[in-house]
Amino acid sequence: MPRTRYIEALSRALRDEMTADPTVMVLGEDVRHSLRRVTYNLAAEFGDQRVIDMPLAEQAGTGFATGAALLGWRPVLEFQVPSLLYVAFDQVVNQAQKLSLMTGGQAQVPVTYLFPGSGARLGLAGQHSDHPYALLASAGVKTVVPATPADAYALFRTAIRDDDPVAVFAPAALLGTRANLGDQVDPVPLGAGRIHQPGSDVTLVAVGHLVPIALTVATELAERGISVEVFDPRSVYPFDWDMLHGSVARTRRLVVADDTNRTGGLAADIIATMAEEISFRSRPRRVTRADVPVPFSPVLEKAVIPSKETIYATVLKAVEEVVAA
Amino acid sequence: MNDRDQVPDSSADTAALYRTARTIRRFEETVEELTAANEIPGTVHLYIGEEAVATGVCAALRRDDLITSTHRGHGHVIAKGAALGPMLAELMGRATGLNRGRGGSMHVADLSLGVLGANGIVAGGVPFALGATWAAGQRSERRVAAAFFGDGGLAQGLLHECLNWAALWQLPVIFVCEDNGYAVSLAAAASAAGSPVDRARSYGMAAREVDGMDAEAVYVAARAAVDRARSGGGPSYLHMKTYRFRGHHHGEAVLKLAYRSQEEIARWQERDPVQLLADRLPREVWAAIDAEIEAHLQDALDYARNGPLPDPETATDYAYATGLVPRQGA
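Taken in order, these protein sequences are the chains called A and B.
The opening residue of the first sequence carries number 30 in this note's numbering; numbering runs sequentially from there.
The opening residue of the second sequence carries number -2 in this note's numbering; numbering runs sequentially from there.
Hint data in this document are derived by calculation from the structure and do not stem from the laboratory.
Misleading hints may appear alongside valid ones.
Claimed, not checked - To give an idea of the chain A side of the interface with chain B (calculated C-beta under 7 Å), a few residues: (1) Asp59; (2) Gln88; (3) Gly92; (4) Thr95; (5) Trp102; (6) Gln124; (7) Ser129; (8) Gln135.
What the hints assert, rightly or not - Here are some, though not all, of the chain A residues that point toward chain B, as calculated from beta-carbon distances under 7 Å: (9) Asp119; (10) Gly133; (11) Pro267.
Given the structure is predicted, the values throughout are model-derived calculations rather than measurements.
Ideal placement from N, C-alpha and C gives every residue a C-beta, glycine not left out.
Take these sequences, add in the hints, and give me the full structure.
This is the structure we're talking about:
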């Protein structure tokens, strides 16, 4: 069985949805020649009207997708660079996302925003290294950050089929990872987390590319007799609070690894939510990106984003801490 | 030959335009009173003085054509055919409103009439017209969209993205600039450099200035643009010279802003767009229309006032088309 790369899983999901549903179209920059490889060969297969290069106009492109969605299409809008979201922010969070409520349910906007290559990847520097999923989650936009090729395939298809705007963040660091997908991949609904590895001493929440790192940390800590449960939310909005609650209620220790800014970030919300519900055995902790633009030089980049070492040390601290009764 | 001369000599057409313009005027005067009396919460941006634009443009559209509107959107929505009762109920925050009390003045929408929403962001709704007309075109539906925006919108980058894109793809979009002289308090001349009509022409689309106080002139210009768009001739830009007789929003009078003179306002009021149409009709015709409008408005008011307020338990309903229940605040 050939092993499928993450980026190929996204491509296969898009092809399968375009085959299944003639209202699915993809719009973006350089999608016909497939600079990001998600739309590889799709222009030849589905023609000019369903694989469309737009002018470099991200605001208009996002609004175009909204308009097409209002008339019954299911556009997939590819953002070549994650921070282009900022250029289009009003059209995403203030227009597309709000139309359903503001129109009292008249409007449906089934658009998928695809970010193939989100987050830092050694040397892309200040304006190409952001991983802005937490911003969209904060605005209530349905947002997924798949950590495996199988989840990338399943969640991308789920996103396209959803009747609301959904953002799909494919972490840059994972695009080359491979897995056996088989002929059938089970569907994954939005808001369904996944426990990659059960454990009893601490719950380690990891998002996106931090999931494989968290699994490595869990393996290494197991050698020291520490049992780490690795929880991957998969969707950051809606979030599988029930599954996380079940995990933390058992371990009563929590560490969150989240590659977005520390201030107002997703990790803060996860910890706050669990702290409202559960008495911890030790203080909950988080490993996040520093509150800075990613500096260019790779040694500096590594210093500001979560790493295996910082996650390892933080989990160890959470487990070893003795809290006064 | 001016635009007036091209209007088919049909007093019925003039009467229809008058009916729409007068309806908008009386609706807005009612809204003004209801806002002053706090029966309408928030604020409203009144269309009084600009009625000819929505009236003439929407008269040139079919029922299945589309519009995107602005913060000053009541006139567009009425001219596209929205029922006055549900519309007024929406402005009053009632469950029986067009948007079930979830949108209010700045977001009033009726998708069944092709009204893709008023919009609280200047030029924010314009790109919907691109995607919507493209989408309809893919199904071989020759639907045209009129995208309304003000002179303030001419300074927005997004508008230029849309002009460029619509021209590239020859989309059937009519860009309707309602130049009422001011972006809130900023004079149009301080907002848009050069000639807006020349600007639009530089994108390769038909563009012209129109007397935005004369609904018949607006109709003629819009009709030509709509016909061109529907027959595959691409987008047009119409620059409507018009004027708002009231402040930017309801609260402006309290602020006593002095960016324009009383003389200037009075000069424009001499060409009142509703009166201009009445003057072309026999008295008994406009008088009968006026009486009908008053009755409709009274019905609308009764409908709106009798509508229940939404249940606070439903405050987060409709946030998602799929029915996903959002996290609550406590």
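To see whether the hints hold, each was checked on the structure:
About 16 Å separates the beta-carbon of Asp59 (chain A) from the nearest beta-carbon of chain B, more than 7 Å, and the hint is not met. The interface hint given for Gln88 (chain A) is met, as the beta carbon of that residue sits about 5 Å from the closest beta carbon of chain B, less than 7 Å. A least Cβ separation of about 2 Å between Gly92 (chain A) and chain B falls short of the 7 Å threshold, and the interface hint therefore holds. At its closest, the beta carbon of Thr95 (chain A) sits 6 Å from a beta carbon of chain B; the interface hint therefore holds under the 7 Å criterion.
Residue-level restraint check for Trp102 (chain A) holds (minimum Cβ-Cβ distance to chain B is 5 Å; threshold 7 Å). With 7 Å as the threshold, the beta carbon of Gln124 (chain A) comes within range of chain B, its nearest partner Cβ sitting at about 6 Å, so the hint holds. The closest approach between the C-beta of Ser129 (chain A) and any C-beta of chain B is roughly 5 Å, which is under the 7 Å cut-off, so the hint is satisfied. The beta carbon of Gln135 (chain A) is positioned within 7 Å of a beta carbon in chain B (closest approach about 5 Å), and the interface hint is therefore held.
Taken as an interface hint, Asp119 (chain A) checks out: its beta carbon lies about 6 Å from the nearest beta carbon of chain B, inside 7 Å. The beta carbon of Gly133 (chain A) is positioned within 7 Å of a beta carbon in chain B (closest approach about 3 Å), and the interface hint is therefore held. Interface hint at Pro267 (chain A): satisfied, since its Cβ lies 6 Å from the closest Cβ of chain B, which is below the 7 Å cut-off.
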